[in-house]
Every structure is written in structure tokens, then in C-alpha cells.
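Asks: Sequence:
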Amino acid sequence: MEDHVIDVIVSLYSQNNWKRILDISDESKNAVTTKLLWVWPTKKNLQFVQGVIEKYNLKGIISIGCGTGLLEWLIHSFSNFSVIGIEVNKEWWTSKYSMPQFIPVKFPSMPIQSNDLKEDHALLFCYFNNGPAFQDYVNAYAGNVIMIIGPGPGRGTHTDPDPFKPKLKDAWELCDFQEVGDTKDFIAVYAKIKL
Numbered sequence: 158m159e160d161h162v163i164d165v166i167v168s169l170y171s172q173n174n175w176k177r178i179l180d181i182s183d184e185s186k187n188a189v190t191t192k193l194l195w196v197w198p199t200k201k202n203l204q205f206v207q208g209v210i211e212k213y214n215l216k217g218i219i220s221i222g223c224g225t226g227l228l229e230w231l232i233h234s235f236s237n238f239s240v241i242g243i244e245v246n247k248e249w250w251t252s253k254y255s256m257p258q259f260i261p262v263k264f265p266s267m268p269i270q271s272n273d274l275k276e277d278h279a280l281l282f283c284y285f286n287n288g289p290a291f292q293d294y295v296n297a298y299a300g301n302v303i304m305i306i307g308p309g310p311g312r313g314t315h316t317d318p319d320p321f322k323p324k325l326k327d328a329w330e331l332c333d334f335q336e337v338g339d340t341k342d343f344i345a346v347y348a349k350i351k352l
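Residue 158 is where the sequence shown starts when you use the working numbering, and the numbers rise one by one after that.
No wet-lab data here; the hints were simulated from the structure.
Where a beta carbon is used, it is the ideal one built from N, C-alpha and C, also for glycine.
Wrong hints could be hidden among the right ones.
What the hints assert, rightly or not - Under the rule of at most 30 Å between Cα atoms (straight-line distance), these lysine-lysine pairs were calculated in the DSSO-like manner: (1) LYS253 / LYS341; (2) LYS324 / LYS351; (3) LYS212 / LYS253; (4) LYS322 / LYS253; (5) LYS216 / LYS326; (6) LYS201 / LYS349; (7) LYS324 / LYS192; (8) LYS351 / LYS247; (9) LYS263 / LYS200; (10) LYS324 / LYS176; (11) LYS253 / LYS351; (12) LYS201 / LYS341; (13) LYS247 / LYS216; (14) LYS216 / LYS201; (15) LYS326 / LYS351; (16) LYS192 / LYS275; (17) LYS351 / LYS201; (18) LYS186 / LYS351; (19) LYS349 / LYS186; (20) LYS186 / LYS176; (21) LYS324 / LYS275; (22) LYS351 / LYS192.
Unchecked claim - Here are the simulated distance ranges between beta carbons: (23) LYS247 / PRO289: 27 to 37 Å; (24) ASN287 / LEU331: 34 to 44 Å; (25) ASP293 / SER168: 13 to 23 Å; (26) ASP339 / SER271: 36 to 46 Å; (27) LEU331 / SER168: 13 to 23 Å; (28) GLU330 / THR251: 19 to 29 Å; (29) PRO268 / SER168: 12 to 22 Å; (30) GLU211 / TYR254: 34 to 44 Å; (31) ASN272 / ASP183: 33 to 43 Å; (32) SER168 / THR340: 21 to 31 Å; (33) THR251 / PRO289: 42 to 52 Å.
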């Protein structure tokens, strides 16, 4: 079933039919969620992300550790905002064994440099799990919005950073959040405090 669902999603992607991808049944979503994306957004979630981008006059998002980029493609298809994917393991993501890619992905040299992170884009971390690398990206970022998607209380999974306890410096504050569907996963939005 898993391969069939992936084929359906790739076919819908090639038809630019993001609405049908959003409507895929829960059973099918569960079969491929960790292979193609960690959270399955609803239309309400895409509206929320679009609203954040508009509120802060941004041009789009830079997704750190974007994987296949399916989540980011859905955001772009819904909002028409720019999405940039960043990954570190080029060998894997360009190999014949990797899952399909839904957006172009950049593979910057590490450590990350500030010119790799556009300040007119929000940084997005979805189910990221490397606290020190998260801090490196935040330190290199000159922009003013960070979105962290991950588990809320009672979800039973772990990320680093935690969406509600990301260990950001005092220059950042939680300004909004929304649950992803009814999954106990959340999109948490942090904005840089103007001093």
C-alpha cells in the first residue's frame, strides 16, 4: 500500500493537484507520513503559515532539513510564496535510494553562513532533531521569524528544538501557534523582539 500511495502523491504532484494531496485519507497518510513528510497539514494550517508570512512582510520560507520538500511544496502551492529547502546530506538526497524531491534543495557547506539564509524569509524547522545545529542556524539568521513544527504535550514524540521550549535567546518570543489538524503536533511561531 505504501508504494501505491507514494505513486499517487507523485502523480498528483506532477498534475499540480495539491488540493487532492491534502484530501488523501488518514489511512493512506499514516502509511507514508514519515517517508514523505512528518506532519500532514490541513488547509487551515496552510492559511496559518500564509498569514504569518504576510503579517511579517516576508517573501517565503527557508526550510531547514526539508527532506522531500512535500510540506514546503504544499505551502508554496497554496500561497505562491517562495520556498527554499536546505539539507546537509547531499549524497543521500541525490541517490537512487532517496524518496522523490518535490522542491529544489540546496546543500550549503557547513557551518552555515548568514548569506545562505535570506532575512526576508522565515526559517522553518519541521521535526528537526539537532539542538546544536538549530542554534547554529538561528545564530546565522538575520531575519525576524522562526517557525518550529513538532510535538506538543502528550504527543509521545520528541524533537530538538521542542516547539514550545526551543531554548532561544531573549531576543525571541512566541507570538502564535496552531495545532496541525488534531494530531497534537503544533506550528509555533517566534518573532524577534525589536529592541
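Asks: Does the structure keep LYS324 and LYS176 at a Cα separation of 30 Å or less?
Replies: violated (36 Å)
Asks: Are LYS186 and LYS351 close enough, with their CA atoms no more than 30 Å apart?
Replies: Not satisfied, since the Cα-Cα distance of roughly 40 Å exceeds 30 Å.
Asks: Are the Cα positions of LYS324 and LYS351 separated by 30 Å at most?
Replies: holds (19 Å)
Asks: Against the range 36 to 46 Å, how does the distance between the Cβ atoms of ASP339 and SER271 compare: consistent or not?
Replies: Roughly 38 Å apart at Cβ, these two residues keep to the hinted range, so it holds.
Asks: Is the hinted range of 27 to 37 Å satisfied by the C-beta distance from LYS247 to PRO289?
Replies: violated (20 Å)
Asks: Holds or violated: the 34 to 44 Å window for the beta-carbon distance between GLU211 and TYR254?
Replies: About 38 Å separates the Cβ atoms of GLU211 and TYR254, which means 34 to 44 Å holds.
Asks: Could you check the hint for me, namely that PRO268 and SER168 are 12 to 22 Å apart, CB to CB?
Replies: violated (39 Å)
Asks: ASN272 and ASP183, beta-carbon distance inside 33 to 43 Å?
Replies: Once the Cβ atoms are compared, 42 Å apart, the range 33 to 43 Å for ASP183 and ASN272 holds.
Asks: Verify the proposed pairing of LYS216 with LYS326, using a straight-line Cα cut of 30 Å.
Replies: holds (25 Å)
Asks: Could you grab the alpha-carbon distance between LYS324 and LYS275 and see if it respects the 30 Å cut-off?
Replies: Given that 30 Å is the threshold and the Cα spacing comes to 22 Å, the pair holds.
Asks: Keeping to a limit of 30 Å between CA atoms, is the pair of LYS247 and LYS216 held or broken?
Replies: At roughly 26 Å apart (the allowed maximum being 30 Å), LYS216 and LYS247 satisfy the hint.
Asks: For the hint 21 to 31 Å, verify it against the beta carbon of SER168 and that of THR340.
Replies: holds (25 Å)
Figure legend: structure checked against the earlier numbered hints; hints not met, in rising order: 1, 3, 4, 8, 10, 11, 18, 19, 22, 23, 24, 25, 27, 28, 29 and 33.
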